[in-house]
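**Student:** Protein chains in written order, with the working numbering: chain A, 1 to 207; chain B, 1001 to 1104; chain C, 2001 to 2552.
Any given hint might turn out to be false.
Said to hold, decoys possible - In silico DSS-like pairs for lysine-lysine, Cα to Cα no more than 30 angstroms straight-line:
| # | chain 1 | residue 1 | chain 2 | residue 2 |
| --- | --- | --- | --- | --- |
| 1 | B | K1072 | A | K133 |
| 2 | C | K2427 | C | K2501 |
| 3 | A | K87 | B | K1022 |
| 4 | A | K128 | A | K118 |
| 5 | A | K128 | A | K111 |
| 6 | A | K111 | A | K133 |
| 7 | B | K1072 | A | K118 |
| 8 | C | K2024 | C | K2501 |
| 9 | C | K2349 | C | K2427 |
| 10 | A | K118 | A | K133 |
| 11 | A | K94 | A | K111 |
| 12 | B | K1022 | A | K128 |
| 13 | B | K1072 | B | K1022 |
| 14 | A | K87 | A | K173 |
| 15 | B | K1072 | A | K87 |
| 16 | C | K2501 | C | K2428 |
| 17 | B | K1022 | A | K173 |
| 18 | C | K2428 | C | K2349 |
Claimed, not checked - Pulled a few chain B residues facing chain A out of the computed Cβ check, cut under 8 angstroms:
| # | residue |
| --- | --- |
| 19 | V1017 |
| 20 | E1019 |
| 21 | T1034 |
| 22 | T1037 |
| 23 | V1038 |
| 24 | A1053 |
| 25 | W1062 |
| 26 | V1064 |
| 27 | W1098 |
| 28 | F1102 |
What the hints assert, rightly or not - To be clear about the criterion: a stretch of chain C counts as covered by chain A if any three or more of its residues have a C-beta under 8 angstroms from a C-beta of chain A, and this derived list gives those stretches:
| # | stretch |
| --- | --- |
| 29 | 2181 to 2190 |
| 30 | 2201 to 2210 |
| 31 | 2214 to 2221 |
By construction, these hints were calculated from the structure, which means they are not laboratory data. These figures come from a predicted structure and were not determined experimentally. All C-beta atoms in this analysis are idealised placements derived from N, C-alpha and C, irrespective of residue type, glycine included.
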Amino acid sequence: MSSSTQSAVHHVHRDDYGSRMGMWLFLFTELILFGGLFIVYAVYRFTHQQEFHIAAQELNTTVGLVNTIILLTSSMTAAMSITAMQKGNIRFSKGLVWVTIMFALAFMVNKYFEWSAKIHHDIYPGSKELLNKPEGEILYFGLYYVMTGLHALHVIVGVVFFLFILRHITQGKIQPTRYVRLENAALYWHLVDLIWIFLFPLFYLIH
Amino acid sequence: MNDHHATQHSSHEEAHVIEYGKYIFVWLSLIAFTGITVTAAGIGLGNWTIVLALLIASAKSWYVMNYFMHLKYEDRVFRVFILVALITLAIFITFTFWDYSFTR
Amino acid sequence: MANVAIPADTVEPSYLEVTTNTHKGLLGWILSVDHKRIGLLYLFTMLAFFFVAVGFGFLIRLELISPGKTFIDAQTYNQFFTLHGIIMIFLFIIPGLPAVFGNFFLPIMIGAKDVIFPRLNLLSWYLFIIGGLVAVAAWLLPGGSADTGWTFYVPYSVRTTTNVLPALIAAFLLGFSSILTGVNFITTIHRMRAPGMSWFRMPLFVWGLYATAWVQVLATPIIGITLALVIIERTLGVGIFDPALGGDPILYQHLFWIYSHPAVYIMVLPAMGIVSEIIPVFARRTIFGYKFIAFSSLAIAFFGSLVWAHHMFSAGMSDTAMFVFSFLTFVVSIPSAIKVFNWVSTMYKGSIQADPPLLYVLSFLFQFSIGGFTGLMLGALSVNIHLQDTSFVVAHFHYVMFGGTGFGIFAAMHYWFPKMFGRMYNKKIATWAWAIVTFGYNLLYFPMFIMGYLGMPRRYYDYLPEFHPYHLASTIGSWILILGLIIMFTNLYIGMRRGPKAPMNPWGGVTLEWTTQTPPILENFHEIPTVTTGPYDYSKYEIEASEKKETT
Chain A
1 MSSSTQSAVH
11 HVHRDDYGSR
21 MGMWLFLFTE
31 LILFGGLFIV
41 YAVYRFTHQQ
51 EFHIAAQELN
61 TTVGLVNTII
71 LLTSSMTAAM
81 SITAMQKGNI
91 RFSKGLVWVT
101 IMFALAFMVN
111 KYFEWSAKIH
121 HDIYPGSKEL
131 LNKPEGEILY
141 FGLYYVMTGL
151 HALHVIVGVV
161 FFLFILRHIT
171 QGKIQPTRYV
181 RLENAALYWH
191 LVDLIWIFLF
201 PLFYLIH
Chain B
1001 MNDHHATQHS
1011 SHEEAHVIEY
1021 GKYIFVWLSL
1031 IAFTGITVTA
1041 AGIGLGNWTI
1051 VLALLIASAK
1061 SWYVMNYFMH
1071 LKYEDRVFRV
1081 FILVALITLA
1091 IFITFTFWDY
1101 SFTR
Chain C
2001 MANVAIPADT
2011 VEPSYLEVTT
2021 NTHKGLLGWI
2031 LSVDHKRIGL
2041 LYLFTMLAFF
2051 FVAVGFGFLI
2061 RLELISPGKT
2071 FIDAQTYNQF
2081 FTLHGIIMIF
2091 LFIIPGLPAV
2101 FGNFFLPIMI
2111 GAKDVIFPRL
2121 NLLSWYLFII
2131 GGLVAVAAWL
2141 LPGGSADTGW
2151 TFYVPYSVRT
2161 TTNVLPALIA
2171 AFLLGFSSIL
2181 TGVNFITTIH
2191 RMRAPGMSWF
2201 RMPLFVWGLY
2211 ATAWVQVLAT
2221 PIIGITLALV
2231 IIERTLGVGI
2241 FDPALGGDPI
2251 LYQHLFWIYS
2261 HPAVYIMVLP
2271 AMGIVSEIIP
2281 VFARRTIFGY
2291 KFIAFSSLAI
2301 AFFGSLVWAH
2311 HMFSAGMSDT
2321 AMFVFSFLTF
2331 VVSIPSAIKV
2341 FNWVSTMYKG
2351 SIQADPPLLY
2361 VLSFLFQFSI
2371 GGFTGLMLGA
2381 LSVNIHLQDT
2391 SFVVAHFHYV
2401 MFGGTGFGIF
2411 AAMHYWFPKM
2421 FGRMYNKKIA
2431 TWAWAIVTFG
2441 YNLLYFPMFI
2451 MGYLGMPRRY
2461 YDYLPEFHPY
2471 HLASTIGSWI
2481 LILGLIIMFT
2491 NLYIGMRRGP
2501 KAPMNPWGGV
2511 TLEWTTQTPP
2521 ILENFHEIPT
2531 VTTGPYDYSK
2541 YEIEASEKKE
2551 TT
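Just chain A, with the same shape it has in the complex:
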């Protein structure tokens, strides 16, 4: 218990370990937040198996696959930006954060076209086309819009988070010896990736 003196005098002494711990705890709340949706999904898929299968045919697997690859790659660049920072290569680190943001925007553009196509086919909450479908399909598309929508919201938050990080790097608040904020932003981004890793097979790969 000797070194704990240091952690207690936090006003002068920073505690990166504690910051990461706080971030992880916050990520758990995000996990459970989506977890609630996964419960709803699990129950309705269980009670409406056939209809979920039929409704899933409407989704374009290729679009989902492309977005999966985009997010996985962006996760890698986010993680690499930490390595670059640790090695003192600040410009490369910033570049990697920019690349991550670009991937995030690409994901959103993709998502935009995907949603527009659905809406163009008159499949959106409350549409006549959808309300004429069997109940299970209404539930499937309800969940599809809510879950991918909430996920997209997290992508946007992630972009904002990274823009702040870029500012902090420029201002020198994030340095090769002091980069816990970058780590936390990356942790958040990986969670967004993790959620998508489950959303992709659950919505696009029901055959």
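Guided by the hints, dock chains B and C onto chain A, whose structure is given.
**Tutor:** The following block gives chains B and C in isolation, referenced to the frame of chain A:
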């Protein structure tokens, strides 16, 4: 509980640097898993499709958490935390099915 | 805790005089990141909401004094009990102990200067106050406030024309406030303990807060997403729970109670922590079974997450689910009972000093036990069919939440008052107030057990004449209770403004907060203390007592 480490860790421990090469390797594995899951969904395994898809998704998550999120190099207490969170979520899901799996 | 040398004669300006920023007056409070000031911000805002909710409770009781319409119509009555529930649950009982006394005393009790994320802490308070104002403001909008009850059951909450949205948004914000407090507390307890403050030297209030914080972090998001789904369903017409679109309203109930049952433990665990703090001090004895109490907090938090569906026995679940959840409900009573036995054992052969904090704790023990036992009755499937949705349930959860947690909050207020404000209230008046509050409280709620058993449904505006005597007694009880509350809070207010100066350690407590200056200085300690013994080390007193016995 996790009495051992929490206070013993100094705040500025030596950071573990993960090399770019390792990230690329992890990324390739993740892409490969994605390929497998898409292919497997196409060949029609019936009810096993979802089981396989979830297993692969879990494997991918394991990689993301351990390497991208540096869990492998964090204190043990972080892994205990994640276990607690995952068990909680698992309970919420499975216990809801005490209701739905049986005749009402 | 011994060996903490702080010179008692050096008087520094307290946290009431200096703050973490340069502002004076109100801004010095609402922009301060000092955990003690944030604790007091919570205290006063929480009490303001409490008084509003008591007002609604008073009006509900007044309406029920006689059958038929007394002075408000049925719709207004529905809105009143909804507001009463929302405010009491989300704005008083849930934040009551963790956000007020947890904020104020958690860092001091583990020997830290503040929580680990002070600015996040202030953000939690802002979310709390915004959520609270949104919840109350809905009352002023055309259409009136929600009339769904605090549970927002679908499909009614999707279809009613009253302003359900503000209430849902408020509950969502308050949930996030609660989550952030939880994140802050867990990290603080892991990272900020003073040297020598090992896990098993932590005061039991800290253990209670630790278990609570985990429930806050892991259960609250479920209600967040559930209420968000209702918001989406109401505004965008997405089919999730509405049976007209294929949804399952019982699934909503599952999700709602997945959070809201553990929420009961968010409410009661810190209160149990308070009881574990107060009993050793006023019995002058080391707590009996420290580790059992500490671990039972974690056990309650865990088992409490497994029993949610016992709120839904008559909703139409599968029989298997009813069996499993009924069984688990009986299991969760074990750790609670362990605590009660340990508390009583601590007092046994103690040298009991019946000051107001202990008196409130004794009321807690009595009322919480009644609440707990009636909870077991409700957990039994066959009995539940008879009692579900009667005023027996209302009486049961008021005995747990108000008789338990509410009295825990009153006990904490009287126990820590001198430390927080540096002044003392009038103990004699406080004792009278306790007697009146306890009597009024039991007169208010006990008749509800009887009439519920006889078949009086809950939330009903009207009733059969045979229930009249019970309702009358209950309403008179509410007047006595409110009288007692007025005396109690007036006494505390006068004590705060011009009570006599309080000494550093008026009760003879041995946890760290009693070693600090009264009121504490800005960063709590001149020097971070080193802890060498467990909490509640009353061996000195116990030796003295036994010596006295030998000589006489």
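**Student:** All hints are to be evaluated individually against the structure, with a verdict given for each.
**Tutor:** Each hint, compared with the structure:
1. B/K1072 to A/K133: Judged against 30 angstroms, a Cα distance of about 47 angstroms means the pair is violated.
2. C/K2427 to C/K2501: 14 angstroms, holds
3. A/K87 to B/K1022: This hinted pair holds, its Cα atoms lying about 15 angstroms apart.
4. A/K128 to A/K118: Satisfied, since the Cα-Cα distance of roughly 13 angstroms is no more than 30 angstroms.
5. A/K128 to A/K111: 23 angstroms, holds
6. A/K111 to A/K133: 24 angstroms, holds
7. B/K1072 to A/K118: Violated - the C-alpha atoms of A/K118 and B/K1072 are around 41 angstroms apart, more than 30 angstroms.
8. C/K2024 to C/K2501: Roughly 24 angstroms between the alpha carbons, so the hint for C/K2024 and C/K2501 holds.
9. C/K2349 to C/K2427: Holds, at about 24 angstroms.
10. A/K118 to A/K133: 14 angstroms, holds
11. A/K94 to A/K111: Between A/K94 and A/K111 the Cα gap is close to 26 angstroms, so the pair holds against 30 angstroms.
12. B/K1022 to A/K128: 51 angstroms, violated
13. B/K1072 to B/K1022: It holds: about 13 angstroms lies between the C-alpha atoms, which stays within 30 angstroms.
14. A/K87 to A/K173: 16 angstroms, holds
15. B/K1072 to A/K87: 20 angstroms, holds
16. C/K2501 to C/K2428: 17 angstroms, holds
17. B/K1022 to A/K173: 28 angstroms, holds
18. C/K2428 to C/K2349: 25 angstroms, holds
19. V1017: Check passed: Cβ of B/V1017 comes within 5 angstroms of chain A, closer than 8 angstroms.
20. E1019: 7 angstroms, holds
21. T1034: Where the cut-off is 8 angstroms and the nearest Cβ of chain A is about 6 angstroms from B/T1034, the hint holds.
22. T1037: For B/T1037, the interface hint holds, since the closest Cβ of chain A sits about 6 angstroms away, which is under 8 angstroms.
23. V1038: 6 angstroms, holds
24. A1053: Nearest chain A Cβ about 4 angstroms off; hint holds.
25. W1062: 10 angstroms, violated
26. V1064: 6 angstroms, holds
27. W1098: 12 angstroms, violated
28. F1102: Status violated, d = 12 angstroms.
29. 2181 to 2190: Our answer is that it holds, as 6 residues pass the Cβ test (under 8 angstroms) against chain A, meeting three.
30. 2201 to 2210: violated (count 0)
31. 2214 to 2221: holds (count 5)
Consistency note: the structure conflicts with the earlier hints numbered 1, 7, 12, 25, 27, 28, 30.
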